[in-house]
Structure formats: C-alpha cells, structure tokens
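With the hints as constraints, model all of the structure from the sequences given.
Heads up: the protein sequence lines correspond to chains A and B, in order.
Going letter by letter, the first sequence gives residues 10 to 191 in the numbering used here.
Going letter by letter, the second sequence gives residues 10 to 191 in the numbering used here.
Keep in mind the hints are simulated off the structure, nothing from the lab.
Every residue, glycine too, gets a C-beta built ideally from N, C-alpha and C.
Some clues are possibly wrong.
[What the hints assert, rightly or not] Some, not all, of what chain B presents toward chain A, calculated at C-beta under 10 Å:
# : residue
1 : Met11
2 : Arg13
3 : Ile52
4 : Gly88
5 : Leu124
6 : Arg186
[Said to hold, decoys possible] As a list, the in silico DSSO-like pairs of lysine-lysine whose alpha-carbon atoms are at most 30 Å apart:
# : chain 1 : residue 1 : chain 2 : residue 2
7 : A       : Lys48     : B       : Lys68
8 : B       : Lys15     : A       : Lys48
9 : B       : Lys48     : A       : Lys68
So the chains spell out like this:
Protein chains: 2
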Amino acid sequence: MMPRMKFCSVCGGDVSYRVPDGDNRERAICNICGTIHYKNPLIVVGCLVEHDDKILLCKRSIEPRYGYWTVPAGFMELGESSAEGAARETREEALAEVELGRLYASVDVIEVGQLHLYYTARLKGSFGAGEETLETRLFAKDEIPWDDIAFRSGKFALERFVEDGGRDNTVHIHELRRVKSY
Amino acid sequence: MMPRMKFCSVCGGDVSYRVPDGDNRERAICNICGTIHYKNPLIVVGCLVEHDDKILLCKRSIEPRYGYWTVPAGFMELGESSAEGAARETREEALAEVELGRLYASVDVIEVGQLHLYYTARLKGSFGAGEETLETRLFAKDEIPWDDIAFRSGKFALERFVEDGGRDNTVHIHELRRVKSY
Chain A
10 MMPRMKFCSV
20 CGGDVSYRVP
30 DGDNRERAIC
40 NICGTIHYKN
50 PLIVVGCLVE
60 HDDKILLCKR
70 SIEPRYGYWT
80 VPAGFMELGE
90 SSAEGAARET
100 REEALAEVEL
110 GRLYASVDVI
120 EVGQLHLYYT
130 ARLKGSFGAG
140 EETLETRLFA
150 KDEIPWDDIA
160 FRSGKFALER
170 FVEDGGRDNT
180 VHIHELRRVK
190 SY
Chain B
10 MMPRMKFCSV
20 CGGDVSYRVP
30 DGDNRERAIC
40 NICGTIHYKN
50 PLIVVGCLVE
60 HDDKILLCKR
70 SIEPRYGYWT
80 VPAGFMELGE
90 SSAEGAARET
100 REEALAEVEL
110 GRLYASVDVI
120 EVGQLHLYYT
130 ARLKGSFGAG
140 EETLETRLFA
150 KDEIPWDDIA
160 FRSGKFALER
170 FVEDGGRDNT
180 VHIHELRRVK
190 SY
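This is how it looks when you write it as structure tokens:
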C-alpha cells in the first residue's frame with residue numbers, strides 16, 4: 010500500500026493532516042498551496058469465466074499470495090468501464106478473450122479500502138499464462154482448490170457461483186472486515 | 010478534478026510520466042525515490058430513498074450543478090462499505106436515516122473516472138437540508154423535475170426506479186461516455 014502522503018503532489022510543499030472546513034474527516038492539506046488531498050477506496054474488477062461447466066483460475070506468479078489460485082482480477086483503470094476492466098484483467102492474466110455476462114458479486118474489502126466487482130463470463134477461445142500468472146487451468150466445480158484460493162473476496166464469489174451456477178439473477182453483496190484481505 | 014501530479018507525495022521529488030517495467034500504461038514515477046503513483050477511478054455511492062411511493066431528492070447548494078436536484082450521493086470513504094457510504098451520504102445531504110435495501114444500479118461514468126453505485130432505501134423518520142443542500146423534498150413519481158436533475162447517472166437510476174418501482178431484482182448497469190458527467 011502507498012505510504013502516507015508527506016508532500017503535496019501539486020506544488021511539492023509539505024502537508025499537514027487536519028479536517029478541512031465543511032468536512033468531517035482528516036485529509037492531507039498542503040501548507041503552501043492549500044490543496045486538499047483525498048484518499049478513497051479503489052476498485053478491483055474480475056471475471057468468473059465458465060467453459061464446459063468448468064471455471065478458469067490463474068496461479069499467481071507475483072506477491073501477494075504467490076502460488077495461490079485466483080479468479081482473474083485487478084485494479085480498474087481510468088478510461089474503462091468496470092466490465093471492460095474485468096475483461097482486460099482476464100486478457101492480461103489468463104490470455105483469454107471472454108464474452109461478458111452480468112455483474113455477479115460486489116464485495117467490500119473494507120480494511121484495505123477496496124471494492125471488488127466480479128462479472129460472469131464465457132470463454133471464447135484459448136487461454137494461457139500472462140505475466141502475473143504461473144499457470145491457468147479450467148477446474149470442474151468439484152475440483153476447485155478451496156484451500157489454495159488467493160483472496161477471500163474471490164473465494165466468496167466462487168463459492169456462490171458454484172452453488173447457484175450463475176443462473177440466479179441476484180448480485181451477491183458481501184463485506185469483509187478483517188485486516189487481512191486474503 | 011485534482012491537477013496532474015508534478016511532485017512525489019512520498020519524498021517531494023519531481024516525477025516523470027512513463028510506462029513502468031511490466032506495466033502497459035503511463036504512470037507518474039518519482040525521479041528520486043522511484044515510487045510509482047497510480048491514479049484510478051473513484052466510487053460515488055448514493056440512495057434511492059422511498060417513502061409513501063415518493064422519492065427523496067436534494068436541491069444542491071454547491072457547485073457543480075448548484076440549484077439542481079440530486080439523489081443523495083457522494084464519494085465513498087475509506088473505512089466504510091459502499092452501502093454504509095450510501096447511507097452516510099443520505100444522512101449528510103438529506104439529514105435522513107434510512108433502512109438500506111439492495112444494490113440497484115451501477116453506472117460507469119467513464120470520462121470522469123467514476124463508478125456510481127445506487128442502493129434502494131426506505132426513509133425511517135424525518136429529513137432536512139444538510140450543508141450541501143438548499144432543500145430536500147419528497148416527489149411523487151409523476152412530479153419528478155426531470156429537466157432539473159443534476160447528474161446523468163442519478164437520472165438513469167431514477168428513470169429505471171420510476172419504471173420498475175425497485176421491485177425488479179436486476180441490478181441496472183449503464184455506461185456513460187460523454188465528457189460532461191451531468
């Protein structure tokens with residue numbers, strides 16, 4: 010996680026932490042130019058990719074959780090929709106093109122300041138291992154390596170998906186509050 | 010919107026814009042300490058508050074869109090879930106306590122780098138005008154001031170809500186791409 014801000018990114022002046030007028034939270038405020046710097050939750054987007062009743066998972070080649078299996082997912086970028094971001098992350102991590110389905114789960118991972126959104130998707134062709142991946146594999150629903158899933162939010166989405174097959178139209182909402190995000 | 014970063018918030022050094030190794034997008038990178046600074050979409054959370062078949066709207070007392078009507082909504086903060094943020098914004102802008110329902114709409118407002126999430130809610134007691142509000146009012150569904158709604162994403166959510174009464178279980182997904190967010 011990014012260290013606490015010490016210097017203003019606009020003018021390079023040092024910042025103090027205090028509650029701005031009309032606000033109710035402490036923010037980093039520049040002592041020179043007065044810019045108020047807000048820090049807000051980040052969005053992670055990913056795909057539950059299905060093919061022949063199996064689910065696509067990636068074995069991570071990077072920390073955190075090196076060697077653990079994950080639903081392809083990553084930080085949403087500026088200039089894309091959340092659905093596009095989910096498809097892009099799947100392209101990057103699993104080298105897979107997908108046909109996106111619908112928003113399936115929204116998981117607040119409060120202690121790390123993240124909101125994780127998972128979309129359903131269907132595999133359109135081949136797959137492989139992207140730069141952040143050791144191995145990509147399709148798992149039958151009774152073969153999912155539950156003890157080796159990298160992150161709790163992905164595990165939550167996978168569990169619901171295995172239960173209802175993604176056919177239920179509900180968006181599954183969940184909140185995770187423990188300090189550890191995985 | 011925050012000006013483009015010129016100085017590193019960690020060490021105060023100046024930054025250059027280039028694509029880091031293993032990445033595919035330009036980022037601000039500190040020329041002194043090497044910190045990579047990411048900029049990602051922000052989350053706005055709000056409530057479609059119902060009471061006696063009417064909907065609660067707030068007339069804005071601040072720019073942008075001073076004097077226009079809005080669904081109570083604002084930036085999600087660290088340390089809260091998206092649902093809690095939606096309830097907090099309603100408390101701050103409409104001085105109203107609500108019983109939260111479900112995630113109703115997810116709107117990507119791509120050109121401003123925001124994701125807007127709207128929850129259904131029921132009014133639990135009184136309401137009033139918070140600091141960012143001139144006036145709060147309950148509107149019957151055929152009285153909604155459609156030409157004076159502040160933001161397109163809120164208008165989208167309101168339109169769907171008036172159509173289906175919030176009874177449909179679907180989460181309404183929408184993408185807005187024009188430069189103007191309202």
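(request) Enumerate the violated hints, using their earlier numbering and listing them in ascending order. (result) Structure breaks no hint.
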